[in-house]
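Student: Below, each chain spelled out in residue letters.
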Amino acid sequence: MIHALNVHKSYQLGERSVQALRGVSLDIDAPGFYAIMGASGSGKSTLLHLLAAMDTPDQGTITIDGQDLASLSEHQLTLFRRTRVGVVFQQFNLIPTLSARENAELPGLLAGRNPAELRARSTELLSALGVLQRADHRPDALSGGEQQRVAIARALLFRPALVLADEPTGALDSASAEALWTLLAEVASAQRTTVVMVTHEPAAAVHCQRVYVMRDGTLIANFETEALDARGVAARYQQLVG
Amino acid sequence: MPAAWRLATSSLSAKRGRTALLVLCVAMCAALVVGIRCAIASLNAGLDQRINDTLGAAELRVEHPGKAGFDAALVERVRLWPEVKLVAPRLVDGLALVNARTLKSVRVIAYGVDPAAEAALRPLPIAQGTWLDATTLAPATLPPTTLTPAKPTGVAPVVLDQRTSEELGAAVGDVLEVQRFGAPASVRVVGIAKPPPLSALFKNQFLAYMTITDLGWLVERAGQVQELDILLTPGQEPELVASRYRTTLPEGLLLQATAKITSGFKQQQASSQVGLLLASVVAFLAAGLIISTGMTTAVGEKTRELAILRCIGATRWQLASAQLLTGALVGLIGSTLGVPIGLLGSLALVKLFPDQLPAGFIASPAGIASGLLGSVFAGMVGAGFAAWTAARVTPLAGLATRARPTSRRTIVKLAVIGLVLISVQALIVLSQGPLSQGLLGEGTAKLVSADRFFWLYAPLGVPTMLIGYFLLSVPVTMACAALLARPLGAALGLPGLLLRRSMARTPVRHGLTAGSMMLGLSMLVSIWTNGSSVLDRWFNTLQFPDAFVTGLSLRPDTAERIRAVPGVASASAITLYNVQTDAFGIAGLTSYRTTFIAFEPGPFFAMSRLQWIQGDEATAAKELAKGGAVLVAREFFVTRGLGVGDSITLRSARPGTGATETPAHNFRIVGVVTSPGLDIASKFFDIGENYVDQAVNSVFGTRADMLTLFGNDSVNLVQIAFTPGANPDATMQAVRRLPRTGILAGGTATAIKDEVRTFLTGALRIFSLVAIAAMVIASLGVANVIVAGVQARAFEFGVLRAVGATRGTLARLVLGEAFIVAIASAILGTALGLQGAWGGQQVTTSSIGIDVPIDPPWPAIAWSVLAVVLITLAAALPPALGLAKARPRELLASRNG
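The listed protein sequences correspond, in order, to chains L and G. Sequential numbering of the first sequence, starting at 88, is according to this note's numbering. Sequential numbering of the second sequence, starting at 135, is according to this note's numbering.
The hints are simulated quantities; they were obtained by calculation from the structure and are not laboratory data. Glycine is no exception: its CB is placed at the ideal position from the N, C-alpha and C atoms. Watch out, some of these pointers could steer you wrong.
Unchecked claim - Per the computed footprint, the stretches of chain G lying under chain L, defined by three or more beta-carbons under 8 angstroms from a beta-carbon of chain L, are:
1. 144-158
2. 173-179
Said to hold, decoys possible - Pair by pair, the computed Cβ-Cβ distance ranges are:
3. G:470 x L:92: 54 to 64 angstroms
4. G:151 x L:95: 43 to 53 angstroms
5. L:92 x G:940: 54 to 64 angstroms
Claimed, not checked - Just a sample of chain L residues kept apart from chain G, beta carbon distances all over 10 angstroms, derived:
6. 197
7. 241
8. 315
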């Protein structure tokens, strides 16, 4: 599913160069719900952006669902993002001038798909995510949790093999966040999708089956969370990062 | 492209107020263009109507080139040509009529006609009474030599035009006295005709119609006619018929197809359409730049949203096409509003000025098409930069945690590109003057010919200059902010560097806003600079003679008789004749004739106050006496470098030779002089249809050459010098009262100059209204951008209020920014206007030779700058007040930025 090998990436920040990733390798072979954890500046968001084909590495290879991203042109990467990967951001996910349904259908609209088919699919997704009754409302009329559900519906429109979520609950209250983590786990299970979530919250990582830990631009370790609760995850994480 | 359509429509409907401002901007521009083009179409139709009323259905015309009279016996000869269906003869002369009942008098242009033929060829619309009774017509075969023929029986019937009847206070049935020497005479008013089209523009003309016989007797020109208008039988080709009979006419007469008579005027009308098209393109380009400001601002605000779209798979082209569609929709909606408003505006003009626009309302198809297409063009131009900006958004751009400020490099790049584009116009203009002299040496050779210069300047130089200044607006605004922000901030009571930092945060937005406002000011500056330069440095310097009189064909002894009038020191007879020359005009667009002013050198030189640019009076007089020599006006020297020792080719057909207008007559140039304004003065009176045959500037030659080469010895003008201390008005009254002179109109130099000056100033005011309308249009775009700026920074303003800034502080901050933008736009607008005036002056110089230094009217410019500042502040006031009213919590709840 996800195969990243020796990935390097640096950015220019003002006058200095920042090495965000230093030789990251990651293999995820089976569908499921996974977390990437690390301190601020550890490179986890950068890794997520590269996996989402939103950026290209300076060095190394990334293969998603059998597709080597380095062989794709900029235009092809755009089309790849449209149908093969779903992305959920922390906030400002939705287009404020479109309704919830239109936001969910947006990748299909961009692909020029049949409107009737899109409507059927968006109805199915919004219903499954519990926001069908809000389908005709604009984002400013939805709560934070509802907006994130709509964002997830959009991410799942084309049944992608990979869904990436970048701190999706960062702007939500704890109850909504809990609900959203549960939802993502259900999506991974029911849709047989690989969901990778970037988070810094142990309570979120508990819902995942495996946690990958990043520090200073490298993936230092990973562990299963099956027998752990939030405190256990936090302790294990702390042990690894030192 | 359903995705792009959905994105475009949702974007427009989400911010309705701002969309409305952009749409209104396009609508007003479309309304202005459509309204002006429809009004001009109506004016042209009025001129066409006037020409048609003058020529009627006539296909051929026989006349003397100098409008002299000829034997009426020709009428019967022409009637016998098998191709001829109808002949309408005319005699034209001046008559002084007095209404004994009201004691009012007026000098009329009297047309002697064949009533039946006239009614068939060009029926005069009668408002009251009847047309002339055909039974009073005497045969047109009276012996031409009779000076005092038997007076026709009865009181001669006359039809007055409406203005004449109002001037005299005359009604149908009134008997009017004809002021003349010899047997007393009266005429009875049998009808009052509706005024001819555009009579309000020819307000010096009072008209009357009577039979040829009656007029011939009254003015002692019995047996003469002045023109024959001919209607052919169906199926005849006028040019063929003319060529068949041209050489059979008596010496000195021209036989021409009427289409040829009007061909020059038609060409002028066609070329004016090209000019209008160019002006419309520039107007919509300006509107497009204003829309570009608004749309680019909107793209800047939505960077995050665009980045999200890129993240989920929108291609660059989809984002760009959404912007282009938005622009096209703004243009289309704007045109659906603007075109009807423009049509209504034109309709209103027709209702308000029926005399000046007698043809009525005309929905010009070209005007409507330019309104529709131009609006969409403006929208697409406006969306171009926004589309490019949107397409450049990367998926990660919106995920950046902090906004990236515009780099100094971007501002420098804009400055460099702007200066390069501005210099394109400058190089084109310089190719006509200093650059040519620098590279080709002293003299008048040009790097680029005048024709090529125009076709480079209008479609390339002007647009690049506009776009260049628009781009330059960003660095100029930032410079103004750097200089003014601190003192202005202190004056407004704003803390520290708040104003300066606020301006520096979004330099492109503030800069393009200044660029939008500069356009209207630049138009005002250009119009007034060029206009006042022409008025003060050219027209006011023309040295007119003291006075002159004019007529279609003055009697040969008129000058001599005028000399005998007390108060007149001297009088000189002049013949005016429009000839073809290659000196003026733009190839492919228009060409102008020039007036050949034929004089008697002695008295002419004594009276004319010529200033000699090249040559001198003594040498020139000797050369002129030899024949084949002319003086040329300074404008010939300016446009074509023609001077003493060169030759000039003038073209016109010599009557009776069967030639058309191709024969070329070469003249030696023996002097270059400043114009004494005789050509302007004759156009002012416009007794004939001089507007049909537009001529600029003049050449000066002898009457002997005029007769030999052009077969014209008529006298059209007599210039008059007063004795020192003479009362000009009293002297002119005495001159006009001279009988049997053919004088139709006259005036003193002061009176004529005053009227022309008033007309030119009025025209400047009308053009200024257009410029002010442009400023109002721009203010809508500016309001859009200021509102956008306030909305984009709502959170920031909320923070300011939260930490203790008052409502007044926020409002003063917005107004302070607007003031700096206004100052920047004033600087840019003035510079653009002056550079535009410089280019415009060069166009005038190279096309018609009027070469005057640029003399900016600084007081008028200062007032215009004040207007720009006030309009910009007015546009900023509503959003500033709205911001001041908002509560801190509302501002902080905003998620934009």
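Student: Now tell me if each hint is right for this structure.
Tutor: Status of the hints after comparison with the structure:
1. Check on the segment 144-158 of chain G: 4 of its residues sit with their Cβ under 8 angstroms from a Cβ of chain L, so the three-residue criterion for coverage holds.
2. Coverage of the segment 173-179 of chain G by chain L is violated [criterion: at least 3 residues with CB-CB distance below 8 angstroms; count 0].
3. The supplied range of 54 to 64 angstroms is met by residue 470 (chain G) and residue 92 (chain L), whose beta-carbon atoms lie about 59 angstroms from each other.
4. Our hint of 43 to 53 angstroms for residue 151 (chain G) and residue 95 (chain L) holds, since their Cβ atoms are close to 49 angstroms apart.
5. Between residue 92 (chain L) and residue 940 (chain G) the CB atoms are about 60 angstroms apart, so this pair conforms to the stated range of 54 to 64 angstroms.
6. At the 10 angstroms boundary, the C-beta of residue 197 (chain L) falls inside the reach of chain G, the nearest C-beta of that chain being 5 angstroms off.
7. Residue placement check: residue 241 (chain L) does not keep its beta carbon more than 10 angstroms from all beta carbons of chain G (closest about 7 angstroms).
8. No beta-carbon of chain G comes within 10 angstroms of the beta-carbon of residue 315 (chain L); the shortest separation is about 31 angstroms.
Checked against the numbered hints listed earlier, the structure breaks hints 2, 6, 7; every other hint is satisfied.
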